[in-house]
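Enquirer: From first to last, the protein sequence lines stand for chains A and B.
The numbering of the first sequence is the working numbering, which starts it at 1 and goes up by one.
The numbering of the second sequence is the working numbering, which starts it at 1 and goes up by one.
No lab work stands behind these hints: they were computed from the structure.
Please read all numbers here as calculations on a predicted model, not as lab measurements.
Treat each hint with caution, since some may be false.
Computed beta-carbon distance windows for the label pairs [claimed, not checked]:
| no. | chain 1 | residue 1 | chain 2 | residue 2 | range |
| --- | --- | --- | --- | --- | --- |
| 1 | A | Ser7 | B | Lys52 | 16 to 24 Å |
| 2 | A | Gly96 | B | Thr28 | 22 to 30 Å |
| 3 | B | Thr28 | A | Ile55 | 17 to 25 Å |
| 4 | A | Asn71 | B | Glu16 | 47 to 55 Å |
| 5 | A | Met15 | B | Ser83 | 33 to 41 Å |
| 6 | A | Gly3 | B | Ser58 | 17 to 25 Å |
| 7 | A | Asp56 | B | Thr51 | 17 to 25 Å |
Some chain A residues close to chain B (C-beta under 7 Å, calculated; not the full set) [what the hints assert, rightly or not]:
| no. | residue |
| --- | --- |
| 8 | Ser31 |
| 9 | Gly42 |
| 10 | Asp63 |
| 11 | Phe65 |
| 12 | Gly107 |
A virtual CB, placed ideally from N, CA and C, is assigned to each residue, including glycine.
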Amino acid sequence: DAGVIQSPRHEVTEMGQEVTLRCKPISGHNSLFWYRQTMMRGLELLIYFNNNVPIDDSGMPEDRFSAKMPNASFSTLKIQPSEPRDSAVYFCASRGTGEGTGELFFGEGSRLTVL
Amino acid sequence: GNSVTQMEGPVTLSEEAFLTINCTYTATGYPSLFWYVQYPGEGLQLLLKATKADDKGSNKGFEATYRKETTSFHLEKGSVQVSDSAVYFCALRAGSARQLTFGSGTQLTVLP
Numbered sequence: 001d002a003g004v005i006q007s008p009r010h011e012v013t014e015m016g017q018e019v020t021l022r023c024k025p026i027s028g029h030n031s032l033f034w035y036r037q038t039m040m041r042g043l044e045l046l047i048y049f050n051n052n053v054p055i056d057d058s059g060m061p062e063d064r065f066s067a068k069m070p071n072a073s074f075s076t077l078k079i080q081p082s083e084p085r086d087s088a089v090y091f092c093a094s095r096g097t098g099e100g101t102g103e104l105f106f107g108e109g110s111r112l113t114v115l
Numbered sequence: 001g002n003s004v005t006q007m008e009g010p011v012t013l014s015e016e017a018f019l020t021i022n023c024t025y026t027a028t029g030y031p032s033l034f035w036y037v038q039y040p041g042e043g044l045q046l047l048l049k050a051t052k053a054d055d056k057g058s059n060k061g062f063e064a065t066y067r068k069e070t071t072s073f074h075l076e077k078g079s080v081q082v083s084d085s086a087v088y089f090c091a092l093r094a095g096s097a098r099q100l101t102f103g104s105g106t107q108l109t110v111l112p
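Can you build the whole structure from these sequences, using the hints too?
Expert: In structure tokens, the structure reads:
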């Protein structure tokens with residue numbers, strides 16, 4: 001299995017630009033999670049989907065952030081406009097229906113730097 | 001609400017030293033407990049887990065026992081290696097929740 005695939009691995013952009021991060025979950029997994037990791041705040045859950053439907057987006061910091069999951073094999077996290085304080089590593093994770101103990105499988109992350 | 005409190009790092013040990021990273025939790029009901037490890041430049045990987053009181057999770061020489069009476073899940077290893085250098089996260093999944101709640105992470109550096 002290819003695991004959770006994220007792109008890009010690294011993104012450097014200027015303040016005000018739009019950023020789109022992409023995620024392909026493990027095939028057959030029905031829950032998808034977006035986390036943000038920073039030194040100051042650690043790992044924060046931004047949003048998660050179940051069967052492509054957003055369940056809890058209370059962690060999304062503000063309206064500049066949006067996430068979509070148009071189908072079971074693809075999700076995007078968009079920041080528009082980006083700001084320097086958005087610089088972080090963004091992780092996508094997925095979980096299957098049979099995962100009774102709740103294990104999440106993480107991608108390698110997208111490191112975002114906003115100048 | 002649910003929360004996880006981890007021992008603050010960074011932790012620096014010599015090779016073959018004994019490791020303990022403390023983790024305590026607050027949760028409703030009876031959560032499942034996890035330790036994840038993050039190697040430099042990589043995503044998080046499940047290290048071990050325990051789903052009920054007194055269960056012991058173990059993997060790669062690491063162990064943690066689910067202690068309901070002390071609401072703890074401390075990570076231990078008898079003899080660490082340089083290759084164990086990483087960030088370790090304690091996490092819980094409460095009841096039927098789909099998401100995990102993570103601690104702040106503990107950076108471990110093992111010196112040769």
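Enquirer: Decide, hint by hint, whether the structure agrees.
Expert: Verification of the hints:
Ser7/A and Lys52/B have their C-beta atoms about 38 Å apart, which leaves the hinted 16 to 24 Å range violated. At about 24 Å, the CB distance of Gly96/A to Thr28/B agrees with the hint of 22 to 30 Å. As the Cβ distance of Thr28/B to Ile55/A is approximately 18 Å, the hint placing it in 17 to 25 Å holds. Between Asn71/A and Glu16/B the CB atoms are about 50 Å apart, so this pair conforms to the stated range of 47 to 55 Å.
Roughly 39 Å separates the CB atoms of Met15/A and Ser83/B, a value that falls within the hinted 33 to 41 Å. At about 23 Å, the CB distance of Gly3/A to Ser58/B agrees with the hint of 17 to 25 Å. At about 23 Å, the CB distance of Asp56/A to Thr51/B agrees with the hint of 17 to 25 Å. Here the hint on Ser31/A is kept, as its CB sits about 5 Å from the closest CB of chain B, short of 7 Å.
For Gly42/A, the interface hint holds, the least distance from its beta-carbon to any beta-carbon of chain B being 4 Å, beneath 7 Å. Hint status for Asp63/A: violated, given a least beta-carbon distance of 22 Å to chain B, over 7 Å. Annotation: Phe65/A was flagged as interfacial toward chain B, and the flag is violated, the nearest CB pair being 17 Å apart, outside 7 Å. A distance limit of 7 Å between C-beta atoms decides the matter here; for Gly107/A the minimum to chain B is near 5 Å, and the interface restraint holds.
Violation of the numbered hints given earlier is confined to hints 1, 10, 11; the remaining hints are satisfied by the structure.
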